[in-house]
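Student: Starting from the known structure of chain E, arrange chain S on it as the hints suggest.
There are 2 protein chains.
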Amino acid sequence: MLSYLTRWVSRGAFQALKGTSIRPQLVKTPHIGNQTLAAAPLPFTGGSPGVRQARALDQERLLQIDWDDGSCSLYPFTWLRDNCQCPHCTLQSAQARSLLFTNLDVHTGMDQVQLMDNKVSITWPDQHSSEFDPDWLKKRCFSSEARQALQEELFLNEREYWDSSLQIPTADFEEVLHDDKAALAWLEALRRIGIVYLRGAPAEQGQVARLSQRIGYLRLTFYGHMWQVQDKPMANNVAYTSGELSLHTDYPALHHPPGVQFLHCVCQADQGGESEVVDGFHMAEQLRREDPEAFNILSSLRVDFTDSGADYCDFSVQSKNHIIE
Amino acid sequence: MLSYLTRWVSRGAFQALKGTSIRPQLVKTPHIGNQTLAAAPLPFTGGSPGVRQARALDQERLLQIDWDDGSCSLYPFTWLRDNCQCPHCTLQSAQARSLLFTNLDVHTGMDQVQLMDNKVSITWPDQHSSEFDPDWLKKRCFSSEARQALQEELFLNEREYWDSSLQIPTADFEEVLHDDKAALAWLEALRRIGIVYLRGAPAEQGQVARLSQRIGYLRLTFYGHMWQVQDKPMANNVAYTSGELSLHTDYPALHHPPGVQFLHCVCQADQGGESEVVDGFHMAEQLRREDPEAFNILSSLRVDFTDSGADYCDFSVQSKNHIIE
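Line order of the protein sequences matches chains E and S.
Mapping to UniProt numbering: the first sequence position 258 is 258, numbers consecutive.
Mapping to UniProt numbering: the second sequence position 204 is 204, numbers consecutive.
Hints are supplied without guarantee of correctness; some may be wrong.
Identical copies look the same in the list; a pair holds intra-copy or inter-copy alike.
Think about it this way: if two alpha-carbon atoms lie no more than 25 Å apart in a straight line, the pair counts; the simulated SDA-like pairs of lysine to any residue are [to be verified]: (1) K320 - Q95; (2) K139 - A94; (3) K138 - S246; (4) K320 - P252; (5) K138 - R159; (6) K181 - C313; (7) K181 - H225; (8) K139 - V106; (9) K232 - C89; (10) K320 - F142; (11) K119 - N157; (12) K139 - N296; (13) K320 - S98.
Please keep in mind that the hints were generated in silico from the structure rather than gathered at the bench.
No experiment lies behind these values; they were computed from the predicted model shown.
So that you can see chain E by itself, here it is in the shape it has in the complex (with noise of 0.2 Å):
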């Protein structure tokens, strides 16, 4: 079984999923959210040091913390007012702000700022107070470096480029169904790579329906939410005949083409069935360093998709999309 993050490169082209005779099932999932994983809290950084001093630079209307460690955060007024952890300007059970735009003073002054209890406390000029922790301000700092650590915190960043010498990652379809941290080193791997190699799923439909839920839910779509492909009289889909296909990017005419897609293979065809597989994100850059006005005229130029026939429903799709994006 394959799965892997579809790499939006090329919507033509590129990415064969299917040779002849193959037989998997497709099935996408939008996004990753689940009972166990995706809703883990950020990791505790902690150990953030104390504040020696709290001061308002009126004149920038920046607050300046300078930390036991000697270091120093510049806080903008607006953005320490807009970003207040009180109960009236951030719901806590929502985790979203409150606040109304329509009171936000965006020009906002300070009255007062002192430390109280190890917090930041700050009084306003219309006497609204604000409390902030200082691992919270810490985390927060305006540096490059606090910056760039809150999206590794954030975002999985890691990728890896890859030709034919890539040694597609493995996983185990039960252990991957079963235990958290093989699901997580799953998760990863694909995120890193865009492609995995599930191995050991029984033979029969209905595998991909169990790992789609096991970590979120199925997108719907004019196909169905699952579908099988193999070869169907009159097909609506050239990828529902035998033929070979050409490498390809699934679903370019939909507003929002597939972020991740799961293939099965049921029943291996006797002869041929091969899948082939390009790293479109490789290609691209590839491109762009050997003919940088084809990587321009493919990544700026908007092409017409369409789709159109009777499936899961009617429907007569038309978008515009770029070849690479």
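Tutor: Below, chain S without anything else, positioned relative to chain E:
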């Protein structure tokens, strides 16, 4: 009942979907595609002039068609070979290319071109032959006029930006459900203006599902397919409180925010409960004129959006998006 194309100008601001105590249902539908409306064939253009002469310009690798009306069209050899409509190169039932890229010679010449039975018949150097219908060719002429006409045929390109002087277009809910012309008029207004007010829906839950099934299918989100916007304890979203909301755009943390949302006011609040809507495109255009630097920042700088909690499923979503897209 309001339905509108959410205009993704501001992901954090601009559009208000509810005021206080309003209890609409929200439903999202990702695209327009249904049993009766969307799969209509393209309008018949007809009446194309006949071909007076077809000749290969070997130097330029262009086919020149002189039409009976005195006009002239040029088609690149490679484009013609790529678009061969024969059963080997095009899967008719899918209206899709089955010609493999590896079998396409992008530097192809042309052995012969002739008019046969009012078709343009081409023989390629490998003796493969292609036949093109004059209507088909005329419609795909590369002149800017023909390309413009084709775009007008493929897309509903008309847009109206609006301010507070807008008279929100209205339609009758039951008519839209049962009359194709009314449904088409509703969708065209929705596309053009971005908001339509449907009257006459029964004041009970389930109406948005009926409406969405009329034109497509709902998109699943981690808040479910649809949800009740009402005051909830420990609200996981500011929309689930009775507090006033600032103008905003929904679901900025999603990779693919909704295109169309339906809100149904099932129970009007005794006091308050107003909904406010703003045309984000209009505001963005205004900002572009009045403060190009601000527009540039908001449309080029990606900011972090986050949404976490538990609803249809546990979720913890993080995204980077432009405020103005």
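Student: Can you give the numbers of the hints that this structure goes against, from lowest to highest?
Tutor: 3, 5, 7, 11 and 12
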